[in-house]
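Spelled out, the chains give:
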Amino acid sequence: MQLHRRLLLRAGAAVGLLAVVGQIAVQAQPKPRIIRITARKFAYEPAELTLKLNEAVVFQLTTLDVVMGFSVPDFATRATIIPGQVTEVPMTPTKVGEFTFLCDVFCGSGHENMEGTLRVVA
Amino acid sequence: MEPGAFSRREFMQLAGLGGVVLVSGCAFPMSPTKAAADTDFHFVQLSDCHWGFEGPAINPDAKGTLKKAVAAVNGMSRQPDFVMFTGDLTHTTDDPRERRQRMTEFRDIVRTLKVKDVRFMPGEHDASLDNGKAFKEFFGETHYTFDHKGVHFIVVDNVSDPTAAIGDDQLQWLRADLENQSRDARIVVFTHRPLFDLYPQWDWATRDGARAIELLQTHDNVTVFYGHIHQENHFRTGNIAHHSARGLMFALPVAASQPKRLPIPWDASAPYKGLGFREIDAERVPMNYAINELPVA
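Line order of the protein sequences matches chains A and B. Residue numbers for the first sequence, in numbering that gives the first Met the number 0: 0 to 121. Residue numbers for the second sequence, in numbering that gives the first Met the number 0: 0 to 296.
Excised from the complex, chain A in its bound form (with noise of 0.2 Å):
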């Protein structure tokens, strides 16, 4: 019965060391930055971003009039925008560079020049 005992107490202190260690691990994990994106008939604001290699980011996207796509083929990250709520979509760039992203949704008259400017430096 005494041993039962040591054994649950000496399990339960693994346990709390792993909580631990666990949350030193996730602290030290930086919180990704989050990009707000608004996006109207035909365009985004703001239309320009500049991120930094390998950093993690999470765009929160939203649009003032109809559906909207926000697409960035090169790092094959995209997602649908609907009126009235606000999506989000993580990324991490992994290349330096000037890349574009556009809305994939076709939105009207002015769709295919509905795009912007995602530089990645290092």
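Keep in mind that the hints were calculated from the coordinates and are not lab data. Check before you lean on any hint, since a few could be wrong.
Residues from chain A that face chain B, not an exhaustive set, calculated with beta carbons under 10 Å [to be verified]:
id, residue
1, 66
2, 104
3, 108
Simulated coverage check for chain B against chain A, where a stretch passes if three residues somewhere in it have a Cβ under 8 Å from a Cβ of chain A [stated by the list, open to error]:
id, region
4, 120-131
5, 161-168
All C-beta atoms in this analysis are idealised placements derived from N, C-alpha and C, irrespective of residue type, glycine included.
Since the structure of chain A is already known, use the hints to place chain B on it.
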């Protein structure tokens, strides 16, 4: 050339100029059992007319180019069996009434084609803002099949969904249609957007196009003709050849050749440069004999 094969020659005819350029040739092998019933034929593909577009610096003859193309087709010494318009018949407008007005005008112009077998499919400019409602009122279904002289034609709609997807229902329809075709059937697919990722950075792709290609790959003789990119592009995915057509309103630059996808300005020294249509000639080649030389010992 495969025994019992069709060779296809493509010609680009510059609207109003009559210049002819041989583009490429490829084969449409056919099953021997059907060979006797099949005959040579040719058809014309016109694309991206964008009726209603205005922009004198891009095309000062915006109201005349389509009419010139129709006149050029009517002037062909050998009339095609049929004419296919591969989308963007009209330039988009946010006004549903104006959309129908443009479709009315477009329809009136193409009614003057001598060829009476004229088929249509939508582009995103025609159909993406109302899921193809106006298009269907004027031109009928947005996806369908037909057979002509031994070739099975499949029209795939990748524009009525504004997200540029074919969609599960249509893909299921495509799968069922292909299951009724023999593996060596000659199949031609018409789409508006490229089925493969030509350049997604300029929206030159179909969201679920890879699923359509996967279905089509189960057949040996598939050729895709499409529009959308306003220029020739010849590409192969596996055994499927994909050929894009020139447009009839403005040309677009080669993918990634410049930062933005902007129409190429009108060149006064070379009017209609980059515009044109395509004649596709399917002919059955006489039986060839494959010869294998063998040594005596």
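How the hints compare with the structure:
{"no.": "1", "hint": "66", "result": "7 Å, holds"}
{"no.": "2", "hint": "104", "result": "5 Å, holds"}
{"no.": "3", "hint": "108", "result": "5 Å, holds"}
{"no.": "4", "hint": "120-131", "result": "holds (count 3)"}
{"no.": "5", "hint": "161-168", "result": "holds (count 3)"}
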